[in-house]
Amino acid sequence: AQSVTQLGSHVSVSEGALVLLRCNYSSSVPPYLFWYVQYPNQGLQLLLKYTTGATLVKGINGFEAEFKKSETSFHLTKPSAHMSDAAEYFCAVSRGGADGLTFGKGTHLIIQP
Amino acid sequence: ETGVTQTPRHLVMGMTNKKSLKCEQHLGHNAMYWYKQSAKKPLELMFVYNFKEQTENNSVPSRFSPECPNSSHLFLHLHTLQPEDSALYLCASSQEAGGLVGETQYFGPGTRLLVL
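Heads up: the sequence lines are chains P and V, in that order. 10 is the number of the first residue of the first sequence in my numbering; add one for each residue after it. 684 is the number of the first residue of the second sequence in my numbering; add one for each residue after it.
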């Protein structure tokens, strides 16, 4: 079985500050890991994903995440927050089969001016 | 149109009604998914179709009935729903489910369902 834990249902940062959204997973097989973003009244958009290879993954809009197997983590970061980053962020894990994605509960990112 | 589209975007129905949600993907994908997004709960996978065949039913009540007539279209037929079924229903597609690498799923905007 797989599970995803996102620490903090709400994270608030100032514009220009570092963004750090935490994600820990459990999986019985090597996982495939994803971060999705959801803006109000929209579906989910892929930010980045880890499958194999380099553990530091760069995504869209300046976001990146690092896969750390020893810590079972896949935290999302962005050096400098922008007002347009305000949204709901979801971490997800997949075994790559026909299981679909297992999502965390999401983290609402608030950007303070 | 491009990507994944869903209709209707909003739906209000009574517990005795029968309605259907429609999803269409214009990406040439072979796998399609239904997810349920409820307030304060993680997104829940409901159904997976791969090459028009249902490959997963994630313990979904029978009042939800999926249909996949071809790789581009996916329906979710609803009947005798309960108020707790009110949620955002998201459709997604990917190149193929069951591949050896993590397939990226592309999501539609969702149908916001309210059951009275």
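Some clues are possibly wrong.
Claimed, not checked - Which chain V residues face chain P? A few, computed with CB under 7 Å, are given here:
id	residue
1	G697
2	P725
3	F734
4	L771
5	L773
6	T787
7	F790
8	P792
9	G793
To be verified - Here are some of the chain P residues that sit facing chain V, going by a computed Cβ distance under 7 Å:
id	residue
10	G52
11	T60
12	K77
13	K78
Rather than coming from a laboratory, the hints here were simulated on the basis of the structure. Cβ coordinates follow ideal geometry from the N, Cα and C atoms, glycine included.
Status of each hint after checking the structure:
Taken as an interface hint, V:G697 does not check out: its beta carbon lies about 24 Å from the nearest beta carbon of chain P, beyond 7 Å. The interface hint given for V:P725 is met, as the beta carbon of that residue sits about 5 Å from the closest beta carbon of chain P, less than 7 Å. Of the supplied interface hints, the one on V:F734 is violated, with its beta-carbon coming no nearer than about 11 Å to a beta-carbon of chain P, more than 7 Å. Given the 7 Å rule on beta carbons, the hint for V:L771 is violated: about 9 Å separates it from the nearest Cβ of chain P.
Evaluation of the V:L773 hint against chain P yields a held restraint, the C-beta minimum of about 6 Å falling below 7 Å. Annotation: V:T787 was flagged as interfacial toward chain P, and the flag holds, the nearest CB pair being 6 Å apart, inside 7 Å. For V:F790, the shortest C-beta to C-beta distance to chain P is roughly 4 Å, which falls under 7 Å, so the interface hint holds. The criterion of a C-beta within 7 Å of any C-beta in chain P is met by V:P792, whose closest approach is roughly 5 Å, and the hint holds.
Because the smallest distance between the Cβ of V:G793 and any Cβ of chain P comes to about 6 Å, under 7 Å, the interface hint for this residue holds. With a least beta-carbon distance of about 4 Å to chain V, the hint placing P:G52 at the interface is held under the 7 Å criterion. Taken as an interface hint, P:T60 checks out: its beta carbon lies about 5 Å from the nearest beta carbon of chain V, inside 7 Å. Hint status for P:K77 relative to chain V: violated, with the closest Cβ pair at about 17 Å, above 7 Å.
Violation of the interface hint for P:K78 is found here, the shortest Cβ-Cβ separation to chain V being roughly 15 Å, above the 7 Å cut-off.
Violated hints, listed in ascending order, are 1, 3, 4, 12, 13; each of the other numbered hints is respected by the structure.
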